[in-house]
Structures are given as C-alpha cells and as structure tokens.
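Protein chains: 2
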Amino acid sequence: MTTHKGFDPQAFRAALGTFTTGVTIITTRAQDGEPVGITANSFNSVSLNPPLVLWSLAKNARSLQAFSTSTHWNVHVLAADQEALSGRFARQGEDKFAGLELDESIGKAPLLKDCTARFQCRTAFSYDGGDHVIFVGEVLAYDHGDRPPLVFQSGQYALAARRPREEVRLGATPPPECSYTEDLLGYLLGRAHYQMLHALRQLLDTQALDERSFFILSVLSIRDRLTLDELNAFIAYTGMLATADSMAALEAQHLVALEDDRGEDRYVLTADGREASLRQIALAKAVEEDIAARLGTGDTMALKLLLKRLIANSDPGMPDLWSPR
Amino acid sequence: MTTHKGFDPQAFRAALGTFTTGVTIITTRAQDGEPVGITANSFNSVSLNPPLVLWSLAKNARSLQAFSTSTHWNVHVLAADQEALSGRFARQGEDKFAGLELDESIGKAPLLKDCTARFQCRTAFSYDGGDHVIFVGEVLAYDHGDRPPLVFQSGQYALAARRPREEVRLGATPPPECSYTEDLLGYLLGRAHYQMLHALRQLLDTQALDERSFFILSVLSIRDRLTLDELNAFIAYTGMLATADSMAALEAQHLVALEDDRGEDRYVLTADGREASLRQIALAKAVEEDIAARLGTGDTMALKLLLKRLIANSDPGMPDLWSPR
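Protein sequences, first through last, are from chains A and B. Taking the numbering used here, I'd label the letters of the first sequence as residues 1 to 325. Taking the numbering used here, I'd label the letters of the second sequence as residues 1001 to 1325.
It cannot be assumed that every hint is accurate.
[What the hints assert, rightly or not] With a cut-off of at most 25 Å between alpha-carbon atoms, the simulated SDA-like pairs for lysine to any residue come out as follows:
#, chain 1, residue 1, chain 2, residue 2
1, B, K1308, A, A271
2, B, K1308, A, A172
3, B, K1308, B, H1198
[Stated by the list, open to error] Computed far set for chain A versus chain B, every beta-carbon distance over 10 Å:
#, residue
4, R62
5, S179
6, L307
The hints are simulated quantities; they were obtained by calculation from the structure and are not laboratory data. Cβ atoms here follow ideal geometry from the backbone N, Cα and C, with glycine treated the same way.
Please construct the entire structure, taking both the sequences and the accompanying hints into account.
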C-alpha cells in the first residue's frame, strides 16, 4: 500500500472507486417542464424514521439548477440489464428520455420503468459538500421488484455473486499435505459440468445414445450438412471425435443421413435426429432453470458472464459454431 | 412492483438494500483513549476538491458520543477476505480490536491492516439526517492496494463479477429459430471444462494416459488403498468407470499397485503414480493461475464461489473425497 498525501484526482478517484456501489438514475423536472436525469452512484440510505436517502451532485453540473429549484426527485436503482440506460443518462447532449415510457409519479419528476427499486422523494435538506451539493430527500413512496441490480466497482459495471451466510464447502477440509483440493478451479469446473450432465445422461440412456452422439447431434442441430472433418472441428474441444463408425451407428438409428454433395459426403439431421436433439436441449434448459431458481437470477447471470470471460480468455482457437456461412 | 406508502421498516430496508454497497469499518478513539469502531455501508464519496467523503451513524448508536467528540476517524474499505472482521465490528459487546495489529495513523484513530482502501479523515461537517447523523470528513491521507473488495447486497455479502466494457460474445448471434445458443449454462460449463482440460490433455499424452486414468490417479492421490468399487464411487460422476482392465494397464505402467487387505484387493499409488499425479495437479494449478491473472483475483474468487454453490445445489449424492475415515 502507498499512502498518498498529495491529491492526484485520478489516484484519489481510483481509491474511492474500490468502494462498490449500485447505479442509480435520479430524475427531476426543471421549472420549464423539461425532464432532467443523471446517472449517480453517490446514493445511500440515511434514516429509517423519518425515511431519508441522500446523494450528491457536482456544483458545476448542468442539472444543478433543476435539482436546486425542484422539490421532488426520483431515485431509480438500476437493474443488471439497464447498463445501456445508465450510459445514456451519464452522457450529455442527447435526449435522455426519448422513447422511454414513464410511470405516474407523486411529484412531477419522471418515473422510469423496469428498475430494481425506486424511491420518490421530496427534498428535505441540501447541504454543502465541497465541490458537490448533498441532497437529502424524504422518501414519500418506494417500490421494488426482483430484478437483480447492476453493480459498479472500480469504474466497471459488474454483477454480484452472493455468498451464503454459511461457507460453501463441498467436502471436509483436506489435510494440509494434500495438493488436490476442492478449491482447484479445474476440479470445480469438471464437477459442475459432470453434475449438469447427470440428468442429461439418463435421457441419453433412454435414447440409446452416448455423450459423443449428444455433441454430434447438437452441432448438426446448429449447423447442418457438415463433412466429418467439419463436424470434428466443432467437437474436437471435448476430446471426443466422430468417426465413420460412430456416424454409421447414428445412421442406423435414423438420426442422421448422408448426403452426396458433388462427390463429398455431408451429414444432415433427420426429422428424428432433430427431435432427439430438441429433447436433449429442452432437458438442458430445464436443468438450468432449476439451478437458476436455486442460485438466484443475478447469480446465474454472474456465473454465465464469468464462464464466458473464462472461455474467451482460454480459447485455443475453436471455430464459431454460430457464424453465418 | 408494489408501491408502499406506509413505511413498514423491514420492507423499506429491503428496498434500500437492493442498492449494492461495499463494506467499511470506521474507527475513532474516544476521549478516554478507548478505540471505537463500527461496520458501516453508508459510506460514499462526496467531493474531489476539497477531498470529502461521508457516512451516517444512528443517533442512538453507542459510538455516537465518540464520533461526535473526536476530530479524526478512519474509513477502511474491507477486502473480500475480511468478512469475519466485518461481522466482528457489526456486533456489540466484544473487544473488537483484540489481537488486531494497527498501523500508524495521522490522528489517534486506529488504522486497520489488509484492507482494500483506507481514508484517514478529519470531520469537516456533521449534518442532521433524521434518526442518523451524517458525518462529512476531509480526507487527509488515503491508500489502496489490489485486494478485491467485499460487496454487500440485500443483506448478504457478495463478490463482484465484473463486466467488460464490450459485451462478451463467444460467437456470432445465432438465428432466432436456433434453440441451442452460447447462453446455455450447460454449454458454457462444458466448454469451460474442456478448454481447461486442453493443456492437461497434452501432458496426459506425454504420460501415455487418458482422462479416465487422470481421474483414477487424482482420487488415489487424495484417498489411497481403495477397492475398485470405492474408487468408482468417487469417479462415477464423470461418467467414466475404472475397470479391472484399466487398472491392470495402470499397474503395467507401474503407477498403481494392488495390495491384498485380508482377501480384499485394494489399489495404492506407487511413487511413480504419485509423481505423475503431482505433475498433473501442478499443471492444473498453472492453468488456473493463468486464468486468474486474466480474469482478476476477485472475479476468479466469484467464479469459484458460484461453481461451489452450483455443485452444492445439484449434487446427486457424491461421497466426500476429503472426509477422514
């Protein structure tokens, strides 16, 4: 750690930015009736009785005049899928409210939709805060839903991965000399993957199919008419390879068919094959919904985000399965 | 969304709690020299020039007297691994500072170690905030390190999963009729798992071993002297099973040996087997370090936390590999 006594604004901001916040949009209406809104993360709760919240606004902000003269303003705690709205209200010079549907509000301040929580406030105090004004508002009404909230940390948007009260442990604490522990990322990814496959395997059994066949049918359900080599380019990352024999077995089950394309053999899904694949994907989605209900919507979004970042950062060069051709 | 105009304190608190915050400990010293500290998430930045921060304290808090009479206080933005410290300073009636090493501070307020960021402040203003007092402090010195910060949302601790500025996409947008997309959790887990295995597979090739052998050696490295059935209880979740033949192959490679335990066959790792397993685990750790460097320490902690929660919530009943026997 370095102690800074000089105040380089950028370094000071970086230190302050380590304090995580939500993201809010705060709106009011100027005296001429113009709607005004800004993105702010300086919001916080103050008092329960009376119900008070606060936020601060730069004294040189264009919206200071409007917030200083109006009596009512609304705080919107943004949801994880409202990052674009946050960006829009953080920029100047565009019509921030264009195309936005508004709800009825107690005061005249615009009330935005689809947020995690909203607080309709009347200015109680405004205090000096150096180059900012601290607005303290009495909450007249509030509402909140179950949309996971957007998070902001060190200048980046984020999602929250919640930690249960009890530490999550899968097994007993390993002895100190044990170098293979449940904390190894590779172990956790493997076990999570195989546990997600558990229900799918039971379906595959009833379909008389193995895991490799599942991957083959999945790829063909996205990209049909592939040669054996093309098919393998998409499933090679699993360590499994389709062979002429394995394809012949799927042909015998009437799940794939061979087409002759100017002398080149290409595999296509039959109607039965598409049906079998759809049942597998439907099951995978049901398993995912069950997991999402247990983990929470926001946590599941966070997990998918982190997995995508891991995949993008460790991709050995897999061709894009979904690219147009 | 439901609008509440009556103010049930619990419901109001729940709505306020959707606004995500970091967690701080704020310390001062009472006039009798006694160190005082509380956990607070009402902290926020106010002004850059002069550098000001604020937080609020309940008027009925035991520490109000100390914070009202002292001129200096320190704000500590807690790191992800300081959850226990947060809990300690949130409770009453124990010696909160027992056993804590302190750093030198400008004022007399205790300065805690190992935090994400620290702000040493002198009271600039204290304002009325209903049932709370709002303390605004001038920051005299600050420091911050690279420890990922602790997050608090809806009454639970959390970690942040950061979202890069550009959306993370693995492939082109699939056509709307495509039901198998890169957003399927099962796909993401599978692809992440297999990509993590990529480097390991190359090592396994040089060791003339397959994936199943990797799982067998891993289990034996944690729990030695297993019968074939016991071994399979631990690796069955992968869909692979050890057979007498596969074990005979590992015996022929001098990696495992068969011991007779009162007429029962039990497998043990040989020195060569332990060596081979250690090399695999070392590689898995190196791959993980590389990933953690790309994702960030906090994000990797968040990923592991979410994977553990997923595993704990979808465990079909796997025996504990690390439990003592």
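Status of the hints after comparison with the structure:
no.	hint	result
1	K1308/B - A271/A	violated, 39 Å
2	K1308/B - A172/A	holds, 14 Å
3	K1308/B - H1198/B	holds, 22 Å
4	R62	holds, 18 Å
5	S179	violated, 5 Å
6	L307	violated, 4 Å
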